[in-house]
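Asks: Take a look at the letters that make up each chain.
Protein chains: 2
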Amino acid sequence: MKQSRLFTKTSKEMPADADSANARLLIQAGFVDQLAAGIYSFLPLGHRTLEKIKTIVREEMDVIGGQEVTLPALTPKEPWTAAGRWTEPGKEVMFQLEGRSGKEFGLAFTAEELVTPIVKKFANSYKDFPVLVYQITDKFRNEPRAKSGILRGREFSMKDLYSFHLSEADRALFYDKVAEAYHKVFKRCGVPAIYTEADGGSFGDASHEFQMPTESGEDLIYVNDAKDYAWNREIVEGIKNGDQAPDGSGTVTEMKAIEVGNIFPLGTKFSAPLDFKVTDENGVEQTVIMGSYGIGPSRVMGAMVEAMHDDKGMIWPKNVAPYHVHLVSLHSKDEQILNRINSVASELHDDLITAGVEVLWDDRVGVNPGPKFADADLIGLPLRLVVSEKTLNEDSVEWKERAGGEMSLVKLEDIKDQVIAWLAE
Amino acid sequence: MKQSRLFTKTSKEMPADADSANARLLIQAGFVDQLAAGIYSFLPLGHRTLEKIKTIVREEMDVIGGQEVTLPALTPKEPWTAAGRWTEPGKEVMFQLEGRSGKEFGLAFTAEELVTPIVKKFANSYKDFPVLVYQITDKFRNEPRAKSGILRGREFSMKDLYSFHLSEADRALFYDKVAEAYHKVFKRCGVPAIYTEADGGSFGDASHEFQMPTESGEDLIYVNDAKDYAWNREIVEGIKNGDQAPDGSGTVTEMKAIEVGNIFPLGTKFSAPLDFKVTDENGVEQTVIMGSYGIGPSRVMGAMVEAMHDDKGMIWPKNVAPYHVHLVSLHSKDEQILNRINSVASELHDDLITAGVEVLWDDRVGVNPGPKFADADLIGLPLRLVVSEKTLNEDSVEWKERAGGEMSLVKLEDIKDQVIAWLAE
Chain E
3 MKQSRLFTKT SKEMPADADS ANARLLIQAG FVDQLAAGIY SFLPLGHRTL EKIKTIVREE
63 MDVIGGQEVT LPALTPKEPW TAAGRWTEPG KEVMFQLEGR SGKEFGLAFT AEELVTPIVK
123 KFANSYKDFP VLVYQITDKF RNEPRAKSGI LRGREFSMKD LYSFHLSEAD RALFYDKVAE
183 AYHKVFKRCG VPAIYTEADG GSFGDASHEF QMPTESGEDL IYVNDAKDYA WNREIVEGIK
243 NGDQAPDGSG TVTEMKAIEV GNIFPLGTKF SAPLDFKVTD ENGVEQTVIM GSYGIGPSRV
303 MGAMVEAMHD DKGMIWPKNV APYHVHLVSL HSKDEQILNR INSVASELHD DLITAGVEVL
363 WDDRVGVNPG PKFADADLIG LPLRLVVSEK TLNEDSVEWK ERAGGEMSLV KLEDIKDQVI
423 AWLAE
Chain X
3 MKQSRLFTKT SKEMPADADS ANARLLIQAG FVDQLAAGIY SFLPLGHRTL EKIKTIVREE
63 MDVIGGQEVT LPALTPKEPW TAAGRWTEPG KEVMFQLEGR SGKEFGLAFT AEELVTPIVK
123 KFANSYKDFP VLVYQITDKF RNEPRAKSGI LRGREFSMKD LYSFHLSEAD RALFYDKVAE
183 AYHKVFKRCG VPAIYTEADG GSFGDASHEF QMPTESGEDL IYVNDAKDYA WNREIVEGIK
243 NGDQAPDGSG TVTEMKAIEV GNIFPLGTKF SAPLDFKVTD ENGVEQTVIM GSYGIGPSRV
303 MGAMVEAMHD DKGMIWPKNV APYHVHLVSL HSKDEQILNR INSVASELHD DLITAGVEVL
363 WDDRVGVNPG PKFADADLIG LPLRLVVSEK TLNEDSVEWK ERAGGEMSLV KLEDIKDQVI
423 AWLAE
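Chains as they are written, first to last, in my numbering: chain E, 3 to 427; chain X, 3 to 427.
Please note that the accuracy of each hint is not assured.
[Said to hold, decoys possible] Straight line, CA to CA, 27 Å or less: simulated BS3-like cross-link-like pairs of lysine-lysine: (1) E:K402 with E:K189; (2) X:K149 with E:K123; (3) E:K335 with E:K320; (4) E:K4 with X:K122.
Read the hints as simulated data drawn from the structure, not as lab findings.
Just so it is clear, the structure is predicted and the values come from calculations on it, not from any experiment.
Construct all of the structure, not just a fragment, from the sequences and the given hints.
Replies: Here's what the structure looks like:
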């Protein structure tokens, strides 16, 4: 993609209404645009990153047998009355509205009451279980204070997976499978999330969250020595940094963190009021046991910016960066040299794309090196390659990774293979 | 995909509330579920077909330089007041609601007022034009009578592309490019759509629709002899079947049809009230000229069912069928033969998937051939392959295309290559 054709531009000005680092950087880099508090448009660069996160989530849900559906956002009142959520939490959380003839609708903020009647229509033998259904759609919340950029929106993207079982043991087995899938999702995204024990909220039982440590996090978690398990403050009241871990495995470190995913045992909270019962293989009628499992791709994207940026801009890992490579060609006053720069850059652009590397080529003429480098740092693609008179004097391209490391020169004849090897690392 | 794992099932019963052939067949085959009038859930098979249509649309939009974004569905009142649409059509078309503190929102039914201010922020030099932006998201309409299944929903998927130009000539040039891209989209989907001259509606100028002839269509069009151009009744009042074509090119045939796409010149209807002006390359300030271009993937899916079904079920073309092949393995009372049937089917399933062929394998045990064949006809995958005692006696698989043609036997050693060749046709 030629940057001269990208319709968005970066901005040096800090947006007046940015309420967080993620909002500020994503807006300045042209990834998103704020339409209202908690309501964002995803522009080409932001759209690409969001879609990559969604694709990783989708792939891992498919691996564990999830079947993808798309449920509506605009939903009639009726299904929400079964478990009482039309009134509790009701308008506190759900946008409610009237259509023609006074018909009442709500905008889905979750989907237990929508998916359960559908599964109930089809799953009527024990052989049909477990049933694993998910969707990746925008959800809506009537937030009292929409803030923190795309971390907490009134409209936000959400992957919600629901599982249906005939025994608690089967539910527990699948719960661990989802936890494993979530670990893979976050690893592929480059998000260092920690599996965290948490309160079950309105559902009673314990649940788990995936928490990403970052200074701007709203949650407080207590992490074990191995840094692979933590406890949310809400379940370990009075604990302090350095105290013994609740499981006796050593001491805990207090960290601020952002929740990027959660898994919940639902028990029969929704299946009981919806009268979803099936006879199990022993001939015993069981009220179906459910679990629900969420990851918010837009929230993950915001959390990544919070945790991975510096004073120059964002720092995207390979798998979710909008493009892998920022190819920057510089100006020369010598027309012959300029032509060489442009033809080398153009050829490299085409070669890399043919090899499956995604390239944003800053081909803009009349823009000085300083602003070009500042743009590359702000947008934060993982690898920057510079073609200039200086690098061509060495038959080379300048190589610089956004996450750190030294600049180096790579010979023109080697650059393509080296990029491909780097991408496959 | 093993059919025994697919959580949906077909139904022999006609749904009581189906208002059209597409609703009836899509519900019976388990592609969709109706939540309320005009509001449908897309279940795994329907979700796959809808995503395939969206992917084809996306690819062709990218070819003509479209840049994909995702704009919100939940939008504040303010942008909609600029061109007056908050009140006209207002609630007649737009779902409107209140959030906390009485803040007014509308659910986007289109996005001119959302996308124009964004493009205005970035495009301020003639070098930035044209700008071509699109999204594929769900839109919402407060329909007085939601009907015709997924053809006319309260919530529906819509690809909306917007173009921005500094001259009418450039706009007209792009208009033709979009028309060409739309022809490609419909050709790839297997939809025989006819380019149809239509009224510009509230935008004044003439516009074009893509109309798919089918008996259940709501529109009446007059098609030329070459069957590649038509006129919507609204612009040729009083014309009759067999009359001379408006362009003098012969006679016209009257047909019922469903609109599956449209392209509109917008002029300055939105850019003028939003004060979007840019100095062109001649130094003259121009109010930006816009075009808008729609395709509804869910509507296309519904139209395809209307036009392509028989009394047994749906008939999907290869490119948008949820799977390419319906592999059906039959029962045998002889356990040894049954094992052979299942191992041949299993191997073929795996081989085809490895070769990139999408297979739904009806592996259900205890289901008779009759219901299995009825299911295959109802779901309508383009190619049915049967493995049974009878076919294995001939070292063969039975080959039957859903769209017609004879049954034949294909030798086991040839079947994989023949399927791959058929898919590439």
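Asks: A separate judgement is required for each hint: does it hold in the structure or not?
Replies: Tested hints:
no.	hint	result
1	E:K402 with E:K189	holds (23 Å)
2	X:K149 with E:K123	holds (23 Å)
3	E:K335 with E:K320	violated (34 Å)
4	E:K4 with X:K122	holds (20 Å)
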